[in-house]
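Protein chains: 2
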Amino acid sequence: MEHTPINARVPDIEELYTLPREDLATSLLDRDPASLANLFAQLGDEALADLFTKLDPSDAAHLIRKLSRAQAAQILEEMEMDDAVDVVGELEQKEAQGILTAMHPFEAQNLRELLSYPPDSAGGLMTTDFVALSPSVLAGQALIMLRESGEQARRIPYFYVVEPSARYLEGVLSLRELVLSPPNTPVGELVVRSPIKVHVEADQEEAALLLDQHNLRALPVVDDEDRLLGIITADDAAKVLLEEAHEDIERLGGSQPLEEPYLRTSIFHLFRKRIPWLLVLFVAQAYTGSVLRLYQDTLAEEVALIFFIPLLIGTGGNTGSQTATTLVRSMSLGEVDPGDVLRVMAKEMGVSLMLGAVMCLATIIRAWTLGVGIGIAQVVGITALCVVVWAALVAAVLPLALRKLRLDPAVISGPFITTLVDGTGLIIYFNIAHFLLSLK
Amino acid sequence: MEHTPINARVPDIEELYTLPREDLATSLLDRDPASLANLFAQLGDEALADLFTKLDPSDAAHLIRKLSRAQAAQILEEMEMDDAVDVVGELEQKEAQGILTAMHPFEAQNLRELLSYPPDSAGGLMTTDFVALSPSVLAGQALIMLRESGEQARRIPYFYVVEPSARYLEGVLSLRELVLSPPNTPVGELVVRSPIKVHVEADQEEAALLLDQHNLRALPVVDDEDRLLGIITADDAAKVLLEEAHEDIERLGGSQPLEEPYLRTSIFHLFRKRIPWLLVLFVAQAYTGSVLRLYQDTLAEEVALIFFIPLLIGTGGNTGSQTATTLVRSMSLGEVDPGDVLRVMAKEMGVSLMLGAVMCLATIIRAWTLGVGIGIAQVVGITALCVVVWAALVAAVLPLALRKLRLDPAVISGPFITTLVDGTGLIIYFNIAHFLLSLK
Numbered sequence: 096m097e098h099t100p101i102n103a104r105v106p107d108i109e110e111l112y113t114l115p116r117e118d119l120a121t122s123l124l125d126r127d128p129a130s131l132a133n134l135f136a137q138l139g140d141e142a143l144a145d146l147f148t149k150l151d152p153s154d155a156a157h158l159i160r161k162l163s164r165a166q167a168a169q170i171l172e173e174m175e176m177d178d179a180v181d182v183v184g185e186l187e188q189k190e191a192q193g194i195l196t197a198m199h200p201f202e203a204q205n206l207r208e209l210l211s212y213p214p215d216s217a218g219g220l221m222t223t224d225f226v227a228l229s230p231s232v233l234a235g236q237a238l239i240m241l242r243e244s245g246e247q248a249r250r251i252p253y254f255y256v257v258e259p260s261a262r263y264l265e266g267v268l269s270l271r272e273l274v275l276s277p278p279n280t281p282v283g284e285l286v287v288r289s290p291i292k293v294h295v296e297a298d299q300e301e302a303a304l305l306l307d308q309h310n311l312r313a314l315p316v317v318d319d320e321d322r323l324l325g326i327i328t329a330d331d332a333a334k335v336l337l338e339e340a341h342e343d344i345e346r347l348g349g350s351q352p353l354e355e356p357y358l359r360t361s362i363f364h365l366f367r368k369r370i371p372w373l374l375v376l377f378v379a380q381a382y383t384g385s386v387l388r389l390y391q392d393t394l395a396e397e398v399a400l401i402f403f404i405p406l407l408i409g410t411g412g413n414t415g416s417q418t419a420t421t422l423v424r425s426m427s428l429g430e431v432d433p434g435d436v437l438r439v440m441a442k443e444m445g446v447s448l449m450l451g452a453v454m455c456l457a458t459i460i461r462a463w464t465l466g467v468g469i470g471i472a473q474v475v476g477i478t479a480l481c482v483v484v485w486a487a488l489v490a491a492v493l494p495l496a497l498r499k500l501r502l503d504p505a506v507i508s509g510p511f512i513t514t515l516v517d518g519t520g521l522i523i524y525f526n527i528a529h530f531l532l533s534l535k
Numbered sequence: 096m097e098h099t100p101i102n103a104r105v106p107d108i109e110e111l112y113t114l115p116r117e118d119l120a121t122s123l124l125d126r127d128p129a130s131l132a133n134l135f136a137q138l139g140d141e142a143l144a145d146l147f148t149k150l151d152p153s154d155a156a157h158l159i160r161k162l163s164r165a166q167a168a169q170i171l172e173e174m175e176m177d178d179a180v181d182v183v184g185e186l187e188q189k190e191a192q193g194i195l196t197a198m199h200p201f202e203a204q205n206l207r208e209l210l211s212y213p214p215d216s217a218g219g220l221m222t223t224d225f226v227a228l229s230p231s232v233l234a235g236q237a238l239i240m241l242r243e244s245g246e247q248a249r250r251i252p253y254f255y256v257v258e259p260s261a262r263y264l265e266g267v268l269s270l271r272e273l274v275l276s277p278p279n280t281p282v283g284e285l286v287v288r289s290p291i292k293v294h295v296e297a298d299q300e301e302a303a304l305l306l307d308q309h310n311l312r313a314l315p316v317v318d319d320e321d322r323l324l325g326i327i328t329a330d331d332a333a334k335v336l337l338e339e340a341h342e343d344i345e346r347l348g349g350s351q352p353l354e355e356p357y358l359r360t361s362i363f364h365l366f367r368k369r370i371p372w373l374l375v376l377f378v379a380q381a382y383t384g385s386v387l388r389l390y391q392d393t394l395a396e397e398v399a400l401i402f403f404i405p406l407l408i409g410t411g412g413n414t415g416s417q418t419a420t421t422l423v424r425s426m427s428l429g430e431v432d433p434g435d436v437l438r439v440m441a442k443e444m445g446v447s448l449m450l451g452a453v454m455c456l457a458t459i460i461r462a463w464t465l466g467v468g469i470g471i472a473q474v475v476g477i478t479a480l481c482v483v484v485w486a487a488l489v490a491a492v493l494p495l496a497l498r499k500l501r502l503d504p505a506v507i508s509g510p511f512i513t514t515l516v517d518g519t520g521l522i523i524y525f526n527i528a529h530f531l532l533s534l535k
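Residue numbers (this note's numbering), protein chains in the order written: chain A, 96 to 535; chain B, 96 to 535.
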């Protein structure tokens, strides 16, 4: 594997190409203006467009600000439309306008249209580089049009057939289909009608999931009246799914996702991302103090009950966390949805009874090694069983309910379920203790 | 968006194409043999190859068992090489051999070679569908060869130039470069030498990360002597990264990743995936019982200390979980590696001091609302600060250390750090209590 360490000195152009994204960004952003201008002049527009495509859009926007409007416009024209729109979206309104006016009017118009959609919608993800045909075009003509189209459009293995005046999407045609048909067949006769498609205002994750689930290389994006506005390509869909998965990871860890790489994020920014959840969880967990105060006489009477508090609530939290993450993942893969709630609960009931039985035994063994009496051992064993089942059921229902309410289940699932189970687990514990030990 | 519900009746062929992956699998696997045979006959090899590509390899393997060897062989030949190898990899050794002998010898040989690499290595991920050229081939000839190559190879925008006898990788050439050069230039003069590449035995995640970080559409795979064996395409790399992210999510939740969709996984299988970690975490947490027993006199003397146990260890766990997940994610994106340990610790020290100060205040307020004395309020406030800083530092070092030891940091990071912080947090708590309250 190639591995070029960052030089303390400025790397030359050859070296630049072998730097991974992060190091490339650091190497470019750290340069003084003169060295940067010199480098940009050496590279030329096409190579610069490649370089900017490789960077995160926010870094590319930083660099594009250092170019003249004319050069910035040329580089954006060289970039693929969906990459260019991400970079322009990072600029200030005024900067963006300046650059757009310097661009070819047709490209500028396309970019403006793409910019008008929310970045996390299907419209914000789509590109307008694709080949649309009238139904009357012949198969042979279509192949010629393909050869004349841009590089990006040529990579998309589907043609879209639209009604000529209003661009209603009539159907989709694969390159293979086209090549195998007699050249004088109108494409309108070859298309697959009512193809899989997505509304321009749909969430980008929904669009990405459709591409993934149907193993498509591109997905048409339409408006309310079924007019074809653009397409989403499989590579952009894959990026969205990966981004969402990484955001889920952070949310499950009880933190808001970072926009910038960790090492470049300031301490204060990290603090701001974490403190809200820590405080929310603290407030949510604060009632455990009241529960314990309520049962302080019980605890004074049987001090040994205290020994098992972290163990029992910990086990409940771990069980809940297992169930919740499995369900968050399954929902994000489209395998489970809120309508499956009864099947999920039945399954989790079965699993948690088995888990609970094992944990009951483990807890009794631990009680024995701690040398507490048989009464307490019984209490903690039965509590372990009950807490495990309770945690699994809470963790089964909560993520599905959140999804139903159109909230992101990952936000709340990890530490939140642990916190919820902590207090309710204590209540279960003390009730069982009262019942079995006949305490006051 | 199109949405076709699964019919209770068998869907017709048109409908089949609009089913998402999971529903398609269910619809095909639930059919009786006669209906399946009938459907397969109607579809033809090419459409079947498309259908099988869409399914998970294990489902596709289930279905391919129901075909004759000859038909199975034909369908695998229609599929892209890297998809076909995933399906064959799911078959029993004997079944696979039977089908391979019915295939075209060249394709069978390629498949056998690909099967010989571990599925999670670069070799297991690569395809052998690509265009390799001798350095003496002229640019114009290369373009003709491209037109004659297979559909899959045509989609890859790079050519690989290899030394003709032993296939040493000499360099890479983009389609654009080729088109813009005079047709009578030998490709050997046009290539970029020492391109980014990966060893055939490297982990598939390492290869996928290289593609992502360099924004490549394909990555050459070489052996010890730098011979070109295959290439990895960007779409396969994206799938690997997504799969790894989803596995990280499950591991962070303290469960082993599932191989099958949740609703199709049996209760016993779910049990087996979860019980090992629950027990490991239980054992790891069991010492909290000993810690509490050790300090039982302290607790008897100051019962109010008990009220804050879940709150303090919960806050520590939540802080640790935030840090650990952020680092697991940053490492999986290649943004942070074990060499950054000092920078990470410095950053986490800064962040956790700020977080700790806020949580100290929050805890003191909670102590006041619970009506405990000023002494206990001081103890719990200072403990909150110390536990937050301690948890952040443990969670900063542990994932980096695990990566350094070549273990998956996600395995251990979530519930494990919580568990570790639980017990050590208690020790911090009681020591501070002893010191400030002068208890026995």
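Derived from the structure by calculation, the hints contain no laboratory data. Here a beta-carbon is modelled for each residue, glycine too, at the ideal position from N, C-alpha and C. Mixed in with the good hints, there may be bad ones.
[To be verified] Pairs of lysine to aspartate or glutamate residues, derived as DMTMM-like cross-links and limited to a Cα-Cα distance of at most 25 angstroms, are as follows:
no. : chain 1 : residue 1 : chain 2 : residue 2
1   : A       : Lys149    : B       : Glu354
2   : B       : Lys442    : B       : Asp392
3   : A       : Lys334    : B       : Asp125
4   : A       : Lys368    : A       : Asp318
5   : A       : Lys442    : B       : Glu301
6   : A       : Lys442    : B       : Glu355
[Claimed, not checked] The following label-pair restraints were derived from C-beta to C-beta distances:
no. : chain 1 : residue 1 : chain 2 : residue 2 : range
7   : A       : Glu301    : B       : Thr121    : 18 to 24 angstroms
8   : A       : Glu354    : B       : Met444    : 32 to 38 angstroms
9   : A       : Ala129    : B       : Ser153    : 41 to 47 angstroms
10  : A       : Ile469    : B       : Thr464    : 34 to 40 angstroms
11  : A       : Glu301    : B       : His529    : 53 to 59 angstroms
12  : A       : Gln188    : B       : Ser361    : 31 to 37 angstroms
13  : A       : Leu502    : B       : Ala452    : 27 to 33 angstroms
So, going through the hints one by one against the coordinates:
| no. | hint | verdict |
| --- | --- | --- |
| 1 | Lys149(A) to Glu354(B) | 33 angstroms, violated |
| 2 | Lys442(B) to Asp392(B) | 39 angstroms, violated |
| 3 | Lys334(A) to Asp125(B) | 33 angstroms, violated |
| 4 | Lys368(A) to Asp318(A) | 36 angstroms, violated |
| 5 | Lys442(A) to Glu301(B) | 36 angstroms, violated |
| 6 | Lys442(A) to Glu355(B) | 15 angstroms, holds |
| 7 | Glu301(A) to Thr121(B): 18 to 24 angstroms | 21 angstroms, holds |
| 8 | Glu354(A) to Met444(B): 32 to 38 angstroms | 23 angstroms, violated |
| 9 | Ala129(A) to Ser153(B): 41 to 47 angstroms | 58 angstroms, violated |
| 10 | Ile469(A) to Thr464(B): 34 to 40 angstroms | 38 angstroms, holds |
| 11 | Glu301(A) to His529(B): 53 to 59 angstroms | 56 angstroms, holds |
| 12 | Gln188(A) to Ser361(B): 31 to 37 angstroms | 56 angstroms, violated |
| 13 | Leu502(A) to Ala452(B): 27 to 33 angstroms | 31 angstroms, holds |
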